[in-house]
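Asker: Chain by chain, the residues run as shown.
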Amino acid sequence: MTDYHTALIPGAQVPEGQTPPMVAADQQALLASGDPVLAANKRLCYDMYRTVLQAGQADRVRDFIGPHYIQHNPNVVSGVEALEGFIRNSRPQRPIAPTIELPLVAIVAERDMVQFTFVRKETGEDGQPYYTSWFDLFRIENGRIVEHWDPALKSPDMLKLDPNKKKLDQ
Amino acid sequence: MNDAGQSLEDRNTAIVLAMWEGVIGRGDTGAVMRYIAPDYVQHAVNLPSGREHVLRLAEMISKGNADFKPPAHKSLFKTIAQGDMVAVIWEQQQDDPTRPGETYTGHAFDMYRLEDGMIVEHWDDTRKWPTAWKAKGEADA
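Just so you know, the protein sequences line up as chains A and B, in that order. Basically the working numbering = 1-based index in the first sequence + 124. Basically the working numbering = 1-based index in the second sequence + 1.
There's no promise every hint is true.
Label pairs and their computed distance ranges (CB to CB) [unchecked claim]:
hint	chain 1	residue 1	chain 2	residue 2	range
1	B	D97	A	K290	23 to 31 Å
2	A	R212	B	A38	41 to 49 Å
3	B	E22	A	N266	29 to 37 Å
4	B	A5	A	Q142	33 to 41 Å
5	B	Q95	A	I194	27 to 35 Å
6	A	G203	B	G51	44 to 52 Å
7	B	D97	A	D150	36 to 44 Å
8	A	K290	B	E103	23 to 31 Å
9	B	H74	A	I194	43 to 51 Å
Hints were generated in silico from the structure; no laboratory data involved. From the three backbone atoms N, C-alpha and C, an ideal C-beta is built for every residue, glycine too.
Model the full structure from these sequences, guided by the hints.
Answerer: Here's what the structure looks like:
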């Protein structure tokens, strides 16, 4: 299907000769798909992100996540209860914002999968900031997210990380 | 669908996997020229933008180089394509910091944007290395 096209704009200024991080010009355009199932899967993950991961509303987890949720992030155990506990312990509850506030690049869906790509600001060993990418991959079954993958490595620090602190202007 | 009845997504996915096999797998500079656009935008943090840097990488892979450590073995896990984007997810065994001598399965991600059958932009999850890749005999930047 040729209904999806990613319009990108620079997300931050970088020194001459470096590649600027790019973000989506319009998040609503990322939710498009000519296939109603893919469009619904994207919307489910987008709303879960805004409500659970961003707004920290642990009591809404089960509206989006299946009971036998399989978590491949090596720092978090599987299961819907574990996710509720992880959200409660890692970030404060906030109002639900209309869009994703982290620098979102793309939302790509095919078959039963939806993948989100974000700009991720890190600090190099020289103390200078640089921009890499973060990815979240979700599998959807019967209108619920049932499986998640990301590039996280095993690290005790990750358990306390609130990714909402990874905005480009911070 | 093109004349062969292949969707844009299947065609783009095949291009990305052929590029990976040629460029990363064999260090084939011909594959760089065939699949990667001249004004290639690179968001992977250890390489600058521009096809010439992928050519240099392919040469390092094919000739071998004391300073270039090829990435640990990755096996293809999934591809996800829509419109102009193709995401590739890999499985990779990682050393377990909590259980010395043991490994666990981690995941690595690449995403590519294509225009007219050429790869024009790339993202991945790598962190910045303390020193940049350099070719044999090349001075530090």
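Asker: Now tell me, hint by hint, if it's right for this structure.
Answerer: Hints, verified against the model:
no.	hint	verdict
1	B:D97 - A:K290: 23 to 31 Å	25 Å, holds
2	A:R212 - B:A38: 41 to 49 Å	46 Å, holds
3	B:E22 - A:N266: 29 to 37 Å	36 Å, holds
4	B:A5 - A:Q142: 33 to 41 Å	40 Å, holds
5	B:Q95 - A:I194: 27 to 35 Å	18 Å, violated
6	A:G203 - B:G51: 44 to 52 Å	46 Å, holds
7	B:D97 - A:D150: 36 to 44 Å	41 Å, holds
8	A:K290 - B:E103: 23 to 31 Å	30 Å, holds
9	B:H74 - A:I194: 43 to 51 Å	24 Å, violated
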